[in-house]
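Model the full assembly from the supplied sequences, consistent with the hints where possible.
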Amino acid sequence: MSSIVNRSPEKAQAKPDACLSVSRLCVSIRDPEQRDTKGRPLSSEMVSDVSFTIAAGQTLGLVGESGCGKSLTAMAIVDLLPKPQVYQSGGEISFNGQRIDSNDPKALKALRGKKVAVIFQDPMTALNPVQRTGQQIEEVLKLHFPKMDKSQRRQRSIQLLNDVGIPSPENRIDAYPHQFSGGMRQRLMIAMALAGEPDLLIADEPTTALDVTIQAQIVALLKKLQQERNMAMLFITHDLALVSQVSDHVVVMYAGKIVEQQDVPHIFSQPRHPYTKGLIAALPAAVARAPKTKLDAMPGQVPSIDAMPTGCRFANRCEYANERCEQEAPELTAHETGEISCHHWQTINEASTSGVSKNV
Amino acid sequence: MVGYFLRRLLLVIPTFIGISLLVFTITRVVPGGPIERLMTQAQLGGETGGLTRSQSSGSTLSDEQMEELKHYYGFDKPLLAGYAEWLGKVIQFDLGTSTRYQDPVWDIIKERFPVSIFYGLSTMILTYLVCIPLGIFKGMYHGSRFDSLSSAVVFLGYALPSYVIGIALISAFAGYFDWFPLGGFVSDDFAEFGFWQKTTDIFHHAVLPLIAYLAGSFAVTTLMMKNALMDNMSADYMRTATAKGLMRGEAIRGHALRNSLIPIATSFGNNISLLISGSFLIETIFNIDGIGLLGYEAVIERDYPIVMGILVISSILYLVGNILSDICVALVDPRIRFGESRT
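As they're listed, the protein sequences go chains A and B.
Each position in the first sequence, counted from 1, maps to that position plus 550 in our numbering.
Each position in the second sequence, counted from 1, maps to that position plus 5 in our numbering.
Careful: at least some of the hints might be erroneous.
[To be verified] According to the in silico footprint, chain B covers these stretches of chain A (three or more CB under 8 Å from chain B):
#, region
1, 664-673
2, 684-695
[As the list claims (entries may be wrong)] Pairwise CB distance ranges, derived in the manner of DEER restraints:
#, chain 1, residue 1, chain 2, residue 2, range
3, A, D724, B, G93, 45 to 53 Å
4, A, A766, B, R258, 20 to 28 Å
5, A, H788, B, L336, 39 to 47 Å
6, A, E720, B, R150, 45 to 53 Å
7, A, S593, B, S156, 27 to 35 Å
8, A, D724, B, P19, 36 to 44 Å
9, A, K697, B, S156, 21 to 29 Å
10, B, R253, A, P582, 18 to 26 Å
11, A, S593, B, H209, 54 to 62 Å
12, B, L161, A, Q851, 46 to 54 Å
13, B, R258, A, K697, 16 to 24 Å
14, A, K656, B, F118, 54 to 62 Å
15, B, R258, A, S593, 29 to 37 Å
16, A, E747, B, F208, 52 to 60 Å
Don't read these hints as lab results, they were simulated from the structure.
By construction, the Cβ of each residue, glycine as well, lies at the ideal position given by its N, Cα and C atoms.
Laid out in structure tokens, this is it:
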């Protein structure tokens, strides 16, 4: 379905203010063990028809539970999918109006680290354990600012460490990653990402491996740096509460597809998709409704990749599901505040205008 | 960390005493020894010479003579006292006298050093020279035809015992084709050669034994290198490196390679002892007068001072090699700081 993509430049520049535009992205995984009747390896689609845009200075939150394709979507943007097993099987990604071509190594080199930088989930393993931090930051500068000399690079690295709030950066620059705490290591990652002065920062669950107090610090730091530099940010998380603090806009993914997309005030006040409602209902309230109340949880599990239903992928867990949902996949439909992919969204919303449905 | 390595060096002493005491005890309790050998020789000599049969009894030596011999070889003392005496001499760099050659042990061993070091060093250098690039290439192109083919070759060499390879090589290339000499370290008229001729002569003799030495040693290091590189190539920090804008080759060179050399460094120190110990089987087959062959003959002939002398040198090298390995690891891996509590 996704092999037919419009590759005309007019399409890519449809939204001139969009820094990043992802249109109908599909990511597939190849299983070398299984082959089809013609002897070709079987592929299964992990991410289907994902489209969104991010404007400069804006933050898009990409939300969903583990294995729903959030990280694959992000990795596809910078062509970091673990090829050849996992590959982009369709769709188009444009950056500042220019299509990202994964067959153009030069363009990719200029893109990665310079225009788009990535912060990974686990700062413990994402840093090279046997290189000094300074060396790792300076590597980015060396790649993307070839005119800088050695002492300028060092000066800049110290400044970057200072920007991300590492105390006495001129001493810490020669330390190794294992000599830093988890939160400090994530700050190193951020400093490294900022070194190329990117237009877009992809933060792939940047705080998941950190404890809650550090999490708040890192999120505040990211927000501050983003505002200072007018960066676009793609913030990937499974934590809806976190998204409300960081993002302007939220895309909710379920089993490889976008189910709902709205701006932050609306997604919390008027979640339309039963899945979003379920996610919000499952949030523990900071001010407890009553002590020790049981958290709402969604029954069931995400369908596995080789048993993906032909109809709505959420049907097996949805209380509104009927025969139509099981047979026909819903299309992403626009409404006044966003987009939704559900056959019953209008009827559901009439039933519960209040927002959070406690029954989900 | 210096303190840690000093402690490790001090630990060499008790370990060394343990090893040498064990072997010393074995030399005392196993049957056959220099005295029995002398007796057999005397018997044979008596019969062939047809001279006086000194004693009427079965033994060719009188009890006094026996006592004298025992005293001469130090067998009259109790085990521990004998060991203490031996150790006392070793500390003064006196390894005793060979019961077979009647020469100082140290001189005999020293004579064989150049041969063993030549083979040990060339094996080591060639192993690293071949294994590291081969491992890197195999790791980068894992699953390619070259990868599978080289694995098959390397494992074939590993699976075949080196002496089988040695014999096969001799019969094929020295026997059937006559391309290489049958054995020995140099030709008989080596002394008359000029410098250039000497060099080619040594290498001409070395080709077959070196292949036999090397055939089995490629597999371990190559596969170690390959696996370490593949582990590191799939590490998260490699993805970070790519995200920074490095191309695959640059990322491997800049990040994965150094980290994959760490396990190679670990095994480096252990190879130091291989430098001189050699393989007595290959030395026997190719008739190379190295330390391996010397040790083998010494064991067969019950020439205990030489056995103990080789043991002293190889065990000290092994123990020091182990410490060297640790130093190498600490040098290449900043996460390792021996003997310090982690901060």
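We went through each hint and held it up to the structure:
no., hint, in the structure
1, 664-673, "holds (count 5)"
2, 684-695, "holds (count 4)"
3, A/D724 with B/G93: 45 to 53 Å, "holds (51 Å)"
4, A/A766 with B/R258: 20 to 28 Å, "violated (39 Å)"
5, A/H788 with B/L336: 39 to 47 Å, "holds (42 Å)"
6, A/E720 with B/R150: 45 to 53 Å, "holds (52 Å)"
7, A/S593 with B/S156: 27 to 35 Å, "holds (29 Å)"
8, A/D724 with B/P19: 36 to 44 Å, "holds (40 Å)"
9, A/K697 with B/S156: 21 to 29 Å, "violated (46 Å)"
10, B/R253 with A/P582: 18 to 26 Å, "holds (21 Å)"
11, A/S593 with B/H209: 54 to 62 Å, "holds (58 Å)"
12, B/L161 with A/Q851: 46 to 54 Å, "holds (49 Å)"
13, B/R258 with A/K697: 16 to 24 Å, "holds (23 Å)"
14, A/K656 with B/F118: 54 to 62 Å, "holds (57 Å)"
15, B/R258 with A/S593: 29 to 37 Å, "holds (32 Å)"
16, A/E747 with B/F208: 52 to 60 Å, "holds (58 Å)"
Taken one by one, the earlier hints fail for this structure at numbers 4, 9, listed in ascending order.
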